[in-house]
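Novice: Each chain, written out:
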Amino acid sequence: MGQEKRSPGFYILAAFFVLFVLFLYGPLSAIFILSFQGPQGGLTFPLNGVSVRWFQNLFEQQAVGDFGASFSRSLTLGLMVMAATVVVSLLAGLAFRRRFFGATPLFYLTVASLVVPSIIVSLGIGVLFQQLGLRPAWFSSAYGAHMTWTLPFGVLIMFAVFNRFSPSYEEAARDLGANSWQTFRHVVLPMIAPSLIGVGLFGFSLSYDEFARTLMTSGSSNTLPLEIYGMTTNVTTPVLYALGTVTTVFSFLIILLTVGIIYFIGQRRSRS
Amino acid sequence: MNNLLSRATPYLQATPLLVILGFFLALPILLLLVVSFWDYDFAGMYPGFMTFNYAETLGSWVTWKTYGNTLKFAAIVWAITAFIGFWVAYFLAFHVRKASTQTVLFLVCTVPFLTSNIIRMISWIPVLGRNGLVNSALVGAGIVDQPVEWLLYSDFAVILAMVHLYTLFMVTPIFNTMMRIDKSLVEAARDGGASDWQIIWNVILPLAKPGIAIGSIFVVTLVMADFSTVQVMSGGQSASVALMMRNQMSLLQYPAAAANAVVLLVVVLSMVAGILRIVDIRKEL
Amino acid sequence: MTDMIKKTGISRRNLLKTGAAAVAGAAVGSGAITGFPTIWAQNPITLRQFGTGVSNLNAIAEKCKEDLGITLEMTATDSDAAAQRAVTQPDSYDIADIEYWILKKVFPTGVIQPMEISKLKYYDKIVPLFKTGKLTPDSVIAQGTAPHTVGFVEAKDSKEFAKGETEYFTMVPTIYNADTLGIRPDLVGREITTWADIMDPAFKGKTSILNIPSIGIMDAAMIMEAMGNITYADKGNMTTEEIDKTIDFLIKAKQDGQFRAFWKSFDESVNLMASGEVVIQSMWSPAVAAVRSKGIACKYQPLKEGYRSWGGGLGLAAHLEGAQLDAAYEYINWYTSGWVGGYLNRQGYYSAAMDTAKEYMSEDEWGYWIEGKPAQGEIKAPDGTVMEKAGAVRDGGSFLERMGHVACWNSVMDEDRYMVRRWNEFIAS
Chain A
1 MGQEKRSPGF
11 YILAAFFVLF
21 VLFLYGPLSA
31 IFILSFQGPQ
41 GGLTFPLNGV
51 SVRWFQNLFE
61 QQAVGDFGAS
71 FSRSLTLGLM
81 VMAATVVVSL
91 LAGLAFRRRF
101 FGATPLFYLT
111 VASLVVPSII
121 VSLGIGVLFQ
131 QLGLRPAWFS
141 SAYGAHMTWT
151 LPFGVLIMFA
161 VFNRFSPSYE
171 EAARDLGANS
181 WQTFRHVVLP
191 MIAPSLIGVG
201 LFGFSLSYDE
211 FARTLMTSGS
221 SNTLPLEIYG
231 MTTNVTTPVL
241 YALGTVTTVF
251 SFLIILLTVG
261 IIYFIGQRRS
271 RS
Chain B
273 MNNLLSRATP
283 YLQATPLLVI
293 LGFFLALPIL
303 LLLVVSFWDY
313 DFAGMYPGFM
323 TFNYAETLGS
333 WVTWKTYGNT
343 LKFAAIVWAI
353 TAFIGFWVAY
363 FLAFHVRKAS
373 TQTVLFLVCT
383 VPFLTSNIIR
393 MISWIPVLGR
403 NGLVNSALVG
413 AGIVDQPVEW
423 LLYSDFAVIL
433 AMVHLYTLFM
443 VTPIFNTMMR
453 IDKSLVEAAR
463 DGGASDWQII
473 WNVILPLAKP
483 GIAIGSIFVV
493 TLVMADFSTV
503 QVMSGGQSAS
513 VALMMRNQMS
523 LLQYPAAAAN
533 AVVLLVVVLS
543 MVAGILRIVD
553 IRKEL
Chain C
558 MTDMIKKTGI
568 SRRNLLKTGA
578 AAVAGAAVGS
588 GAITGFPTIW
598 AQNPITLRQF
608 GTGVSNLNAI
618 AEKCKEDLGI
628 TLEMTATDSD
638 AAAQRAVTQP
648 DSYDIADIEY
658 WILKKVFPTG
668 VIQPMEISKL
678 KYYDKIVPLF
688 KTGKLTPDSV
698 IAQGTAPHTV
708 GFVEAKDSKE
718 FAKGETEYFT
728 MVPTIYNADT
738 LGIRPDLVGR
748 EITTWADIMD
758 PAFKGKTSIL
768 NIPSIGIMDA
778 AMIMEAMGNI
788 TYADKGNMTT
798 EEIDKTIDFL
808 IKAKQDGQFR
818 AFWKSFDESV
828 NLMASGEVVI
838 QSMWSPAVAA
848 VRSKGIACKY
858 QPLKEGYRSW
868 GGGLGLAAHL
878 EGAQLDAAYE
888 YINWYTSGWV
898 GGYLNRQGYY
908 SAAMDTAKEY
918 MSEDEWGYWI
928 EGKPAQGEIK
938 APDGTVMEKA
948 GAVRDGGSFL
958 ERMGHVACWN
968 SVMDEDRYMV
978 RRWNEFIAS
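Residue numbers (the numbering used here), protein chains in the order written: chain A, 1 to 272; chain B, 273 to 557; chain C, 558 to 986.
To be clear, the hints were calculated from the coordinates, so they are not data collected in a lab.
Values in this document were obtained by computation on a predicted structure and should not be read as measured data.
You may find that some hints are simply not true.
Simulated DEER-style distance windows between Cβ atoms [to be verified]:
no. : chain 1 : residue 1 : chain 2 : residue 2 : range
1   : B       : Pro319    : C       : Thr693    : 43 to 53 Å
2   : A       : Arg98     : B       : Val538    : 25 to 35 Å
3   : C       : Glu619    : B       : Val538    : 44 to 54 Å
4   : C       : Asp791    : B       : Pro319    : 30 to 40 Å
5   : A       : Arg268    : C       : Glu619    : 49 to 59 Å
6   : A       : Met191    : C       : Tyr975    : 58 to 68 Å
7   : A       : Leu47     : C       : Gln933    : 28 to 38 Å
8   : C       : Asp791    : B       : Leu343    : 33 to 43 Å
9   : A       : Tyr25     : B       : Val538    : 35 to 45 Å
10  : A       : Met191    : B       : Thr287    : 19 to 29 Å
11  : A       : Gln267    : B       : Leu277    : 31 to 41 Å
12  : C       : Ala759    : B       : Gly294    : 52 to 62 Å
13  : B       : Lys455    : A       : Gln182    : 27 to 37 Å
Okay, the calculated bits of chain C under chain A, using three or more residues with CB under 8 Å as the criterion [unchecked claim]:
no. : segment
14  : 605-616
15  : 633-639
16  : 646-655
17  : 827-837
Glycine residues also receive a C-beta, built at the ideal position from the N, C-alpha and C atoms.
Turn these sequences into a full structure, and let the hints guide you.
Specialist: Listed below in structure tokens is the structure:
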């Protein structure tokens with residue numbers, strides 16, 4: 001691990017990593033190519049001409065469903081879930097650093113949240129809302145349903161984060177006379193900030209993607225994955241692939257932005 | 273006073289989690305438990321206390337076979353993702369030197385996961401199909417005469433798609449724990465004359481165990497509860513526990529589906545308990 | 558114009574016959590019909606409808622807004638989710654667009670309120686298939702959950718289906734069709750005449766059936782009977798022995814590798830066919846059209862045993878009352894008044910009120926889609942793309958030929974609990 005030269009292991013692992021990335025992006029490239037399908041083309045190879053018809057079509061009215069409205073619902077929901085996931089997981093992560101009564105049952109409840117099949121959670125929440133006389137909607141019941149999905153991820157990642165988090169930093173801060181809020185704000189938070197961003201991204205993408213848990217909880221309006229699925233019950237076109245391509249490009253932009261933020265935080269920290 | 277506050281802190285911190293999961297998870301599960309004892313026929317459900325749904329679920333070879341099949345998927349997908357996850361995370365954490373490069377490479381891995389699951393799954397179909405990219409290439413290159421049929425609508429396709437969909441869930445926690453490993457430990461081991469393999473085996477692997485355990489929990493639970501990947505990639509020819517439930521739900525046979533869900537919950541929770549028995553991820557918090 | 562339509566409401570039959578051409582000429586595509594009260598413009602009303610993407614079309618919502626001023630919020634789901642939502646979340650919709658076979662289970666839960674037939678303007682335009690089960694007076698009633706068997710109830714609060722026509726309609730039928738085998742004539746290479754042909758060893762690994770238990774079992778039943786393996790007392794309501802025999806047969810075929818995949822959504826059936834994964838499969842008529850529109854040869858193959866049919870309709874949510882209920886009736890009357898019917902017919906489905914739909918179709922369209930005549934000019938899809946060239950004849954022929962040869966409907970059986978268990982065995986085997 002010296003700074004001077006790379007071991008042969010490095011090259012083998014680097015090759016492995018490249019293969020892994022190719023594997024991840026491989027099928028996406030099929031989507032990418034097919035999204036330029038000609039106007040008469042279908043969802044499968046071979047290409048039937050080349051056009052940007054389907055990218056235009058993305059912004060036109062579809063025979064069934066509505067990309068714009070469902071996308072904005074998914075985006076909003078994703079952001080709501082992201083915010084809640086970060087805060088709640090962080091708090092729970094901090095709580096679990098100490099022993100408290102009921103920690104084990106709560107931990108198992110969290111794991112159960114991952115385990116219960118999503119369609120069942122979905123149905124359960126839908127029925128529960130109906131029984132309580134509440135109206136299921138994407139911003140209420142589906143919001144909760146998504147959090148049963150993102151919170152276990154968030155909490156478990158916080159476990160991984162705090163797992164090797166040495167209390168000595170906090171002790172040092174306290175010895176220097178910082179109160180617990182100051183310790184948290186100036187010592188703990190900056191150290192775990194990148195992981196929190198990670199939890200947030202995870203939360204967002206899990207929610208943005210979630211299908212089964214939304215199925216019975218979104219009330220009268222569809223989120224994007226439901227809308228896409230609903231569309232496949234009628235004639236679908238490569239517009240779905242155009243959507244995939246646009247999403248991927250969009251994700252790249254978000255990632256770039258995130259990198260920018262991390263970089264910015266790093267700069268500020270090194271300055272102060 | 274201060275002492276009291278400090279003792280109350282973990283409770284206050286855990287409250288939001290408890291409230292959310294209590295309402296959106298525990299209550300629905302309770303509901304499920306109750307319904308699993310109800311009777312039903314083609315026209316409706318009847319409240320009652322029948323153990324019939326369980327008897328029917330547990331007494332049928334389909335259940336066992338389906339569990340067997342689902343566990344098989346879980347085991348294979350777990351093994352592959354754990355292997356990939358460990359080496360990818362190890363590469364990122366110990367071989368990439370600059371923190372910014374680490375972040376960028378890690379994010380490169382996450383981008384595909386931001387594309388809709390459904391789209392990512394169906395994108396395999398034009399790749400693996402009878403006239404898909406892989407087969408065209410194989411036939412074109414003269415490697416095979418006939419398109420390879422088992423690439424799509426097979427267990428192979430299911431596993432491939434699951435690995436594709438779920439690997440990040442393994443990479444992320446392992447990467448997270450590895451990043452927290454004190455580099456001086458590795459240096460010390462090296463100075464002590466340990467080989468790369470010895471360092472990996474005796475230092476990094478034990479310290480990365482909590483991450484591996486968390487990743488394993490993610491992957492195992494995801495695979496066990498999956499229905500859409502199995503359905504789409506096997507062309508409906510392979511069964512999974514959740515798919516079985518979905519078939520029951522599609523005909524509004526909720527009590528049977530609920531009983532099935534309870535059984536699944538018990539099975540997977542025991543699996544997780546098993547993982548935690550090997551690695552207590554809370555021990556070192 | 559306004560007066561004319563109002564009058565048609567009173568003495569529709571005569572006026573429609575004589576004035577049809579004139580009305581059609583003036584109204585097609587122009588959106589000129591204003592015969593419906595426009596109270597909704599002042600008193601904005603939104604109706605939430607959900608159902609499969611087959612009929613939850615944006616064009617319909619748009620036209621409805623234009624004609625009635627009612628905002629129709631449409632949500633498309635798959636048929637499974639539609640049924641679940643109908644039953645478990647009755648508050649989340651005003652209009653349910655579901656299939657008749659699942660209505661058999663949905664209606665008894667009390668989430669749908671029966672409609673008063675006296676309020677349905679075009680009730681007598683609805684084809685008799687949905688009232689008596691007979692398309693023409695001398696047709697044979699098909700087996701399975703035929704729509705008329707779940708179409709009526711005795712009283713407003715009744716949960717049990719009536720034997721015959723009553724004053725209360727459970728759903729207004731909207732869309733239906735007959736399914737058969739779709740084939741790739743270029744890859745099949747021989748005449749296909751019977752459901753049994755799907756089991757031909759020559760097509761090993763290149764066939765598919767539906768993966769929705771209630772529908773797939775009917776595909777299997779058609780195949781079983783065609784092969785002479787069994788004669789069902791009633792395909793649509795099998796005994797446990799019959800279910801056993803059918804599933805055992807399917808399991809054997811599956812293990813022998815006869816099937817390539819099972820499809821669940823419209824899209825999957827189109828892709829399986831278009832990509833050549835499958836050359837012969839149970840298929841919908843519009844799915845065949847979708848394959849063909851990609852320039853790939855595909856045929857909707859009529860078979861000697863007849864078709865497996867399905868139908869869907871609109872039901873009113875139990876919670877509807879007052880102005881919303883009035884608006885819902887208004888919407889349903891508008892739905893059956895012709896424009897939607899024409900629109901659906903032009904997609905290859907059938908409208909339940911054929912006479913009204915006719916007014917909104919050109920003579921050539923009507924001839925091609927409904928009467929089975931060769932197309933005079935190009936046949937275009939609603940979005941303007943050319944579907945068929947002049948001279949083309951629709952597979953399966955006319956409406957009467959297709960819907961007159963329905964052998965069975967998609968079904969919910971009394972033994973459905975047992976059936977699903979066995980179906981799961983089939984998938985697991």
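Novice: All hints are to be evaluated individually against the structure, with a verdict given for each.
Specialist: A quick look at each hint next to the structure:
Checked against the hint of 43 to 53 Å, the C-beta distance between B/Pro319 and C/Thr693 comes to roughly 46 Å, which is consistent with it. For the pair A/Arg98 and B/Val538, the beta carbons lie near 30 Å from each other, so the given range of 25 to 35 Å is met. Restraint check, C/Glu619 to B/Val538: a C-beta distance of roughly 50 Å satisfies the suggested window 44 to 54 Å. A hinted range of 30 to 40 Å for the beta carbons of C/Asp791 and B/Pro319 is consistent with their spacing of about 31 Å.
Range check, A/Arg268 to C/Glu619: about 52 Å between beta-carbon atoms, so the 49 to 59 Å window is met. Between A/Met191 and C/Tyr975 the C-beta distance comes to about 60 Å, which sits within the given range of 58 to 68 Å. Range check, A/Leu47 to C/Gln933: Cβ separation about 34 Å, and the 28 to 38 Å hint holds. Distance hint check for C/Asp791 and B/Leu343: the Cβ-Cβ separation is about 40 Å, which falls inside the suggested range of 33 to 43 Å.
Roughly 39 Å separates the CB atoms of A/Tyr25 and B/Val538, a value that falls within the hinted 35 to 45 Å. Remark: the range hint 19 to 29 Å for A/Met191 to B/Thr287 is upheld by a beta-carbon distance near 24 Å. The hint said 31 to 41 Å for the Cβ distance between A/Gln267 and B/Leu277, and at roughly 36 Å that hint holds. A beta carbon spacing of about 59 Å between C/Ala759 and B/Gly294 agrees with the range 52 to 62 Å that was offered as a hint.
The beta-carbon spacing between B/Lys455 and A/Gln182, approximately 28 Å, falls within the hinted interval of 27 to 37 Å. Look at the segment 605-616 of chain C against chain A: 9 of its residues bring a Cβ nearer than 8 Å to a Cβ of that chain, three or more, so the hint holds. Under a criterion of three residues with beta carbons nearer than 8 Å to beta carbons of chain A, the stated coverage of the segment 633-639 of chain C is upheld, 5 such residues being counted. Under the rule that three or more residues need a Cβ within less than 8 Å of chain A, the assignment of the segment 646-655 of chain C holds, with 5 such residues.
Figure legend: the segment 827-837 of chain C, annotated as covered by chain A; annotation consistent (4 residues with Cβ-Cβ distances under 8 Å, at least 3 required).
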